[in-house]
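Protein chains: 2
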Amino acid sequence: MNNCQQNEFLDNIRANDNFLIISHVNPDGDTIGSALAIAHFLKRLNKKFVIINEHVIANKYLFLPLADQFITPDKISERFDTVIAVDCADIKRIGEKVSTKLADTIKLFINIDHHPTNDFYGTLNIIDANAASTTLVIYNLLKQCDFELDYQIAVNLYTGLMTDTGSFKYGNTTSQSHLVAAKLIDYGINVYDIADRILETNSINQLKTIRDSLATLEVDETGKIAWITVVLDCNHESFVENDVEGLVNYPRSIEGVEVAISFKLTNDNKVKVGLRSKKYVDVSKIAAAFDGGGHKRAAGCTIAAPLNIVKEKIIDEITKHI
Amino acid sequence: MNNCQQNEFLDNIRANDNFLIISHVNPDGDTIGSALAIAHFLKRLNKKFVIINEHVIANKYLFLPLADQFITPDKISERFDTVIAVDCADIKRIGEKVSTKLADTIKLFINIDHHPTNDFYGTLNIIDANAASTTLVIYNLLKQCDFELDYQIAVNLYTGLMTDTGSFKYGNTTSQSHLVAAKLIDYGINVYDIADRILETNSINQLKTIRDSLATLEVDETGKIAWITVVLDCNHESFVENDVEGLVNYPRSIEGVEVAISFKLTNDNKVKVGLRSKKYVDVSKIAAAFDGGGHKRAAGCTIAAPLNIVKEKIIDEITKHI
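Protein chains in written order, with our numbering: chain A, 1175 to 1496; chain G, 1175 to 1496.
Read the hints as simulated data drawn from the structure, not as lab findings. Just so we're clear, the structure is a prediction, and the values are computed from it rather than from any experiment. The reader is advised that the hints may include incorrect statements.
Given that identical chains are not distinguished, each listed pair holds provided it fits within a single copy or across any two copies.
DSS-like cross-link-like pairs, simulated, lysine-lysine; straight-line CA separation at most 30 Å [as the list claims (entries may be wrong)]:
1. K1357 with K1343
2. K1221 with K1494
3. K1398 with K1357
4. K1494 with K1382
5. K1221 with K1398
6. K1452 with K1357
7. K1221 with K1470
8. K1453 with K1343
9. K1317 with K1357
10. K1234 with K1343
11. K1234 with K1453
12. K1382 with K1234
13. K1221 with K1382
14. K1446 with K1343
15. K1444 with K1217
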């Protein structure tokens, strides 16, 4: 971000009055915190705004200041000429129903994000691919605008920073992440309370899914391959997408395991395979053998075959690389 | 800590040559990281040292620089005149076998700790009850001694800070915790790797215990009380003490649950009851009704009765407070 951008941002905010704040589908802590921090910023400037999301946000985020103002697209009839999208790497991430609310008359589309893949779909694009979270991009933006933060903004910015870094555990965590966290704490936020509400809270269905999936835990004879079969006990598609992915971390966590697998039965009788490795196996090669893809340490594929056949094929393939 | 203390510390280190570094029984990340940071400090000053612990440290800590030099008391024959104990709130925390290695001739006992309950058992006591970890006390001490840190010391200091704050989630996390984390990252440490090895690693027995305990998960009709029965599948007593306690966080994590319980069958046919609450129930009162104790949000008791009777009694008592 350069000086021109921050001036352009401020000029645009000042010149307009009705804002639509958009966060991404299946909203997580970073997109929610970013949207609410921007909302508080606009509120302080006496601007009107609507906060929209394709989906309903999870209950555990409702304690965040202004979170009660999130609405779904069916609830609004107005058309907006000014949009701020946060944490959306491309325009599809705003969701189909939200898209229908965007009139052709939009004159200003501000795109604030931290994804390296962001394709600059806005009329003003404030992107920092080095930032651990979009809330960090917003923190820097507001600081450069000489805008004094407050408790409400700090809670929301911290939420995005905490969730997108896995509470300062992921590889995107830098010394800057910690320096900003220190500054935000100085606004009086309670990090224990925020972490407890967001990171330590599961719906009963989530916990039942963890329980049922763990019950299927298996480890091969070598102790290097471990897997679970995900038993879905929930009808919410958003739940499935957001939470099933993390289950593979249970077999992955076992000391000595190199490759962890999750087998997830889909509704159309296919098996979705999630693969994780720790040190030396390139799981993208294993996924590629079944027309899947991914990275060295995290990959996946979908196979149309009965579960027992899929298990055998995948484990055989992994064994070649162990 | 005052200037006199840091000078006394440095003078004492300089005046002696053979150090015994002691960490507490059932060692955790803070006591291990503290011991190893002190070891590196002494190594840089060309001092001789032995690092001792009552128990064998867990495999997942063995990547820490100098961790391979931890030994158990049976492995040493020397007697020491200079001792540095880290993260031990009282002398009993060093362990019985370690105690036998302390000769009457000890002329210097340096006690470095952050527990508010520390009883100043040392001849030199460097205690900061406001520090989130003992490694933070050591960080401040070394800084005040104008001692330049290095990568090896930073990894160990970060390990204690990360583990004792639950990766910056617990209530002891302050802006200072984050500021120091930022400084330590600048020494080139890989926070993802450290967190992955320590926080995201379970022994197969630990994971089986999680699995078997979750299989017993129950929630009462109101959705406000949830419990698990801990099925021990492991003979290591240290494992039991360190890891079973955290299992109560699974039922506690359920949205809407106010009181979570873990029922653990002990070897002598008693039931050890762990209690956690979220917002308003004072679980210390429930524990007190069964001659137990604790705090408002975390308490426990032990009852000599069959499991089904204990469950009924405890849940009945909780129901009075819900």
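For each hint, the structure was consulted:
When the C-alpha separation of K1357 and K1343 is checked against a cutoff of 30 Å, the pair qualifies both within a copy, at 19 Å, and between copies, at 16 Å. Neither within a single protomer nor between protomers do K1221 and K1494 lie at most 30 Å apart by alpha-carbon distance, with minima of 61 Å and 49 Å respectively. Taking the shortest Cα distances, K1398 and K1357 never come within 30 Å of each other, neither inside one copy (43 Å) nor across copies (36 Å). Taking the shortest Cα distances, K1494 and K1382 sit within 30 Å of each other only across copies (27 Å), while inside one copy they are farther apart (34 Å).
Taking the shortest alpha-carbon separations for K1221 and K1398, neither the intra-copy value of 57 Å nor the inter-copy value of 41 Å comes in at or below 30 Å. In this assembly of identical chains, the alpha carbons of K1452 and K1357 lie at most 30 Å apart only when taken from different copies (28 Å versus 34 Å within one copy). Within a single copy, K1221 and K1470 get their C-alpha atoms no closer than 46 Å, and across copies no closer than 44 Å, so neither meets the 30 Å cut-off. In this assembly of identical chains, the alpha carbons of K1453 and K1343 lie at most 30 Å apart whether taken from the same copy (18 Å) or from different copies (28 Å).
In this homomeric assembly, K1317 and K1357 come within 30 Å of each other (Cα to Cα) both inside a single copy, at 11 Å, and across copies, at 22 Å. For a Cα distance limit of 30 Å, the shortest separation of K1234 from K1343 qualifies both inside one copy, at 21 Å, and across copies, at 16 Å. With identical chains, the CA atoms of K1234 and K1453 are at most 30 Å apart between copies only, with a shortest distance of 15 Å across copies and 35 Å within one. Proximity of K1382 to K1234 under the C-alpha cut-off of 30 Å is found in both arrangements, the shortest distances being 18 Å within a copy and 29 Å between copies.
Proximity of K1221 and K1382 under a CA criterion of 30 Å is satisfied in neither setting, with 44 Å inside one chain copy and 54 Å between copies. Taking identical chains as interchangeable, the C-alpha atoms of K1446 and K1343 lie at most 30 Å apart only when both belong to the same chain, with a minimum of 27 Å there against 33 Å between chains. When the C-alpha separation of K1444 and K1217 is checked against a cutoff of 30 Å, the pair qualifies neither within a copy, at 48 Å, nor between copies, at 58 Å.
The earlier numbered hints that this structure contradicts are 2, 3, 5, 7, 13, 15.
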